[in-house]
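*Asks:* So you can see what is in the structure, the chains are spelled out below.
Number of protein chains: 2
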Amino acid sequence: MTTQEVADKLVKLCAEGKFQEASQALYSPEIVSVEAGAPPGGSRESKGLAAVMAKGEWWTANHDVHSVKVEGPVVAGSHFTAAFKMDVTFKPQGRRFTMEEIAVYQVADGKIVREEFFYHM
Amino acid sequence: MTTQEVADKLVKLCAEGKFQEASQALYSPEIVSVEAGAPPGGSRESKGLAAVMAKGEWWTANHDVHSVKVEGPVVAGSHFTAAFKMDVTFKPQGRRFTMEEIAVYQVADGKIVREEFFYHM
Numbered sequence: 001m002t003t004q005e006v007a008d009k010l011v012k013l014c015a016e017g018k019f020q021e022a023s024q025a026l027y028s029p030e031i032v033s034v035e036a037g038a039p040p041g042g043s044r045e046s047k048g049l050a051a052v053m054a055k056g057e058w059w060t061a062n063h064d065v066h067s068v069k070v071e072g073p074v075v076a077g078s079h080f081t082a083a084f085k086m087d088v089t090f091k092p093q094g095r096r097f098t099m100e101e102i103a104v105y106q107v108a109d110g111k112i113v114r115e116e117f118f119y120h121m
Numbered sequence: 001m002t003t004q005e006v007a008d009k010l011v012k013l014c015a016e017g018k019f020q021e022a023s024q025a026l027y028s029p030e031i032v033s034v035e036a037g038a039p040p041g042g043s044r045e046s047k048g049l050a051a052v053m054a055k056g057e058w059w060t061a062n063h064d065v066h067s068v069k070v071e072g073p074v075v076a077g078s079h080f081t082a083a084f085k086m087d088v089t090f091k092p093q094g095r096r097f098t099m100e101e102i103a104v105y106q107v108a109d110g111k112i113v114r115e116e117f118f119y120h121m
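Those protein sequence lines, which keep their order, are chains A and B. Just so you know, we're using this note's numbering here: the first sequence kicks off at 1 and counts up by one. Just so you know, we're using this note's numbering here: the second sequence kicks off at 1 and counts up by one.
Just so you know, not all the hints are guaranteed correct.
The list cannot tell twin chains apart, which means a pair is met if one copy fits it or any two copies do.
Here are the computed lysine to any residue pairs in the SDA-like style, where the Cα-Cα straight-line distance is at most 25 Å [to be verified]:
id, residue 1, residue 2
1, K9, P39
2, K85, D109
3, K91, E30
4, K69, G37
5, K69, P29
6, K85, V70
7, K55, D109
8, K91, G77
9, K55, G77
10, K47, S67
11, K12, E71
12, K9, F117
13, K12, A51
14, K12, L49
15, K47, Y119
16, K111, T98
17, K9, E101
18, K111, M121
19, K18, D109
These are computed hints drawn from the structure, not numbers from a lab.
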């Protein structure tokens, strides 16, 4: 798949709330995922598909997603970017909030090999 | 200015090739600019408006810009992103090529405080 094809598929699946399906289908086994900040005692980076899927499973288990809006993708060479706006409730605290973030993805050989998220902390 | 207003102004000026004017008007004195890779012996990061303007002046002096296409902006909270596609000639080598890159910007108090570029190296 070209960068554009990977980008279009990722945005389509994420807009449907199918985040884990998107990771399974489009991420390289060597995916590196970089958050804007590190969790307490942790790292900004998750490496490898198993670690990234586990991060996604934790997120999915702990959030109720009321709506997802994805803008983009915008493609440039081997990279693409999109914005995510999600209305979610963090279940352990019953706290509802809006997440807004920019994501940048790098594609190699038809798979996403790196993702990085940018948001206000 | 809101993030959207800063984003719209940056994209407009850059699409007109007015890169230095955009930096002067929209960047914080404490701007941090991060390239995808470091130059030989150098750093990926430039800090402060003077350093970032100097980087821009070097770039402008060494490239003939035949066309600029900007896609975006896409805004999420305090961040926005855009894609740049430029047809340029690197003057010292007379080498003409197309640059495609994703840029992510962070806005605080109406000024751009951080920019990072993503492209294939």
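*Asks:* A separate judgement is required for each hint: does it hold in the structure or not?
*Replies:* Evaluation of the provided hints:
1. Taking the shortest alpha-carbon separations for K9 and P39, neither the intra-copy value of 29 Å nor the inter-copy value of 34 Å comes in at or below 25 Å.
2. With identical chains, the CA atoms of K85 and D109 are at most 25 Å apart between copies only, with a shortest distance of 22 Å across copies and 29 Å within one.
3. Taking the shortest alpha-carbon separations for K91 and E30, neither the intra-copy value of 30 Å nor the inter-copy value of 38 Å comes in at or below 25 Å.
4. With identical chains, the CA atoms of K69 and G37 are at most 25 Å apart within one copy only, with a shortest distance of 23 Å there and 32 Å across copies.
5. Proximity of K69 to P29 under the C-alpha cut-off of 25 Å is found in neither arrangement, the shortest distances being 27 Å within a copy and 34 Å between copies.
6. In the homo-oligomer, the alpha carbons of K85 and V70 lie at most 25 Å apart both inside one protomer (6 Å) and across protomers (23 Å), since each shortest distance falls under that limit.
7. Proximity of K55 and D109 under a CA criterion of 25 Å is satisfied intra-copy only: 24 Å inside one chain copy versus 33 Å between copies.
8. In the homo-oligomer, the alpha carbons of K91 and G77 lie at most 25 Å apart only across protomers (23 Å), although the nearest pairing inside one protomer, at 39 Å, exceeds that limit.
9. Proximity of K55 and G77 under a CA criterion of 25 Å is satisfied inter-copy only: 23 Å between copies versus 28 Å inside one chain copy.
10. Within a single copy, K47 and S67 get their C-alpha atoms no closer than 28 Å, and across copies no closer than 38 Å, so neither meets the 25 Å cut-off.
11. For the identical chains of this complex, K12 and E71 are neighbours both inside a copy (10 Å) and across copies (20 Å), given an alpha-carbon limit of 25 Å.
12. In the homo-oligomer, the alpha carbons of K9 and F117 lie at most 25 Å apart both inside one protomer (18 Å) and across protomers (23 Å), since each shortest distance falls under that limit.
13. Taking CA atoms no more than 25 Å apart as the test, K12 paired with A51 passes inside one copy only; the shortest distance there is 23 Å, against 40 Å between copies.
14. When the C-alpha separation of K12 and L49 is checked against a cutoff of 25 Å, the pair qualifies only within one copy, where the shortest distance is 20 Å, while the shortest distance between copies is 39 Å.
15. For the homomeric pair K47 and Y119, the shortest alpha-carbon distances inside one copy (20 Å) and between copies (21 Å) are both at most 25 Å.
16. For the identical chains of this complex, K111 and T98 are inter-copy neighbours only, at 23 Å across copies versus 29 Å inside a copy, given an alpha-carbon limit of 25 Å.
17. Taking identical chains as interchangeable, the C-alpha atoms of K9 and E101 lie at most 25 Å apart whether they share a chain (19 Å) or sit on different chains (20 Å).
18. When the C-alpha separation of K111 and M121 is checked against a cutoff of 25 Å, the pair qualifies only between copies, where the shortest distance is 17 Å, while the shortest distance within a copy is 29 Å.
19. When the C-alpha separation of K18 and D109 is checked against a cutoff of 25 Å, the pair qualifies only within one copy, where the shortest distance is 23 Å, while the shortest distance between copies is 35 Å.
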